Amino acid sequence: MSLTGIFLILFLVVHLAGNLQLLSNDGGQSFNVYADFMANNPLIQFISKGNFFFILLHAVVGTGLWLTNRSARGGQGYAVKVTKATNTNAGFAKNMWFLGVIIFVFIVVHLAQFWFQMKFGEVGADVVMVNYGDGDVKDLYALVAATFTNLPFVIFYVVCMVVIAFHLWHGFQSAFQTIGWNHPKYTPIIAFLGKAYSILIPLGFAIIPIIFYLNHA
Amino acid sequence: MKLTLKVWRQKNAKDKGHFETYQVTANEHMSFLEMLDVLNESLISEKKDPVYFDHDCREGICGTCSMVINGQPHGPMQGTTACQLHMRHFKDGNTITIEPFRAKAFPVVKDLVVDRSAFDRIMQAGGYISVDTGQAVDGNSIPIGKETAAKAFDAAACIGCGACVAACPNASAMLFVSAKVSHLGLLPQGKVEAKRRALNMVHQMDEEGFGMCSNVTACEAECPKEISVDNIARLNREYIGAAFTADEK
Ligand code: HEM
Ligand code: SF4
Ligand code: FES
Chain X
1 MSLTGIFLIL FLVVHLAGNL QLLSNDGGQS FNVYADFMAN NPLIQFISKG
51 NFFFILLHAV VGTGLWLTNR SARGGQGYAV KVTKATNTNA GFAKNMWFLG
101 VIIFVFIVVH LAQFWFQMKF GEVGADVVMV NYGDGDVKDL YALVAATFTN
151 LPFVIFYVVC MVVIAFHLWH GFQSAFQTIG WNHPKYTPII AFLGKAYSIL
201 IPLGFAIIPI IFYLNHA
Chain L
1 MKLTLKVWRQ KNAKDKGHFE TYQVTANEHM SFLEMLDVLN ESLISEKKDP
51 VYFDHDCREG ICGTCSMVIN GQPHGPMQGT TACQLHMRHF KDGNTITIEP
101 FRAKAFPVVK DLVVDRSAFD RIMQAGGYIS VDTGQAVDGN SIPIGKETAA
151 KAFDAAACIG CGACVAACPN ASAMLFVSAK VSHLGLLPQG KVEAKRRALN
201 MVHQMDEEGF GMCSNVTACE AECPKEISVD NIARLNREYI GAAFTADEK
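Chains X and L, in that order, give the protein sequences. Residue numbers for the first sequence follow the numbering used here, so the first one is 1 and each next one is one higher. Residue numbers for the second sequence follow the numbering used here, so the first one is 1 and each next one is one higher.
These aren't lab readings, by the way, just hints derived from the structure by calculation. Fair warning: this is a prediction, and the values are worked out from it, not measured in the lab. There are no misleading hints in this set.
Below, a sample of chain L positions facing chain X; criterion: calculated Cβ distance under 8 Å: (1) 19; (2) 99; (3) 102; (4) 104; (5) 169; (6) 215; (7) 217; (8) 234.
Listed next, with one range per pair, are the computed distances between beta-carbon atoms: (9) 61/L - 181/X: 30 to 38 Å; (10) 203/L - 186/X: 26 to 34 Å; (11) 57/X - 13/L: 33 to 41 Å; (12) 57/X - 143/L: 41 to 49 Å; (13) 216/X - 77/L: 53 to 61 Å.
Cβ atoms here follow ideal geometry from the backbone N, Cα and C, with glycine treated the same way.
Could you build the full structure based on these sequences and the hints that come with them?
Right, dumping it as structure tokens:
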């Protein structure tokens, strides 16, 4: 869980850095050129395969963990139960699997909307080509802009980013504790970075659909 | 003070169990267990079956007084066992719900009594040192750094009560196991078997059907001896290290 989680944490940083180019004021040129590079670079494609694999592995191991832990609790539950936590949010920590399932659904919808269209969509119908003087590239920018003029999608994306923030609020520092990295000097730094990360990264993702909606709808 | 108690009654391991409601008059100087003694005296005088609960030392060191009081193992006070919990922390007219520790690995024996022999088997798997330490030696003959001694001592404060398991949403015994592994593994006499100990105790914990730690830290919040989850990180380090470098299969 920990190692795949840390990989996904790193992935989100790179993914956000790329996506923020959607906000540059050049009608999508830099973003489309970047997307074309990502789609055709063999190293990136290799990492991308690994990323798919790690998401699945994380989800499968997480589901196994959830089942084991549910069975360990035993049949009879408590009539009254107070769960306190000392250095995480107990509500998020207890519900990592449910938060994860929402994230998984999000990932599927998200891939169907963008990744699938780019890779398998029909040119001319699903995606159009643009030319910035260096050969034709697919206009992912236009696809994104079209999606985010749809209010329900914008709300869906923003809500899912909040869910990811909750998952990471617990997950970030939990991942370090799991591999045994606990140190009087570094643990407070990890805790701070975890909180900053789990607010800023989902926030960065969430502003993209919001800005697109405000500018284009 | 007048209290309403909702107590879990269960005849034996097979019985389904249910809550029974009782009225008790206690005073605020009593401990929680003394309040239950009052209830039991009146049940016995009415020729009814008293409420079974575990207890021994009644001074917070044996770890037997297991019960969940209003949703918290050992009740609402931090760093306090049920036997050391005083009735002054409750108010006249309160309703108090009392349940046994719940976990698959801690089956109910009767009422509030659960079978915690799983902890004994985890101890048998590695919670000891086999070097002959001989007679009690002079305390300073093996120099041990202050920080190490303090950490080992804090971990040694674990009384094996099982509140960590009862509190944990995963019913994980990691805080208990990590306290034992830290207590023994930090000191020179225990270092010799540190790797084998970590592997075997974790293995036994899994065998017994405890869950896996997902760092919720509910254990640390409820532990009557305030054992720190830093010990769990140490156990994880020991375990990962031992898994890669152990001297035997
Ligand atoms: C953006 C995607 C995701 C990221 C960045 C992420 C990150 C993390 C991290 C860092 C942890 C902590 C690991 C540990 O403490 O050892 C974690 C735990 C967990 N994740 Fe994810 N995760 C993601 C998606 C998912 C998905 C799709 C599921 C699917 C069901 C899922 C299920 C879980 C579960 C059950 C845990 C709890 C285990 C624990 O707390 O130790 N996650 N995640
Ligand atoms: S770690 Fe704390 S809660 Fe767990 S058995 Fe030891 S004393 Fe009890
Ligand atoms: S009876 Fe011994 S710790 Fe409570």
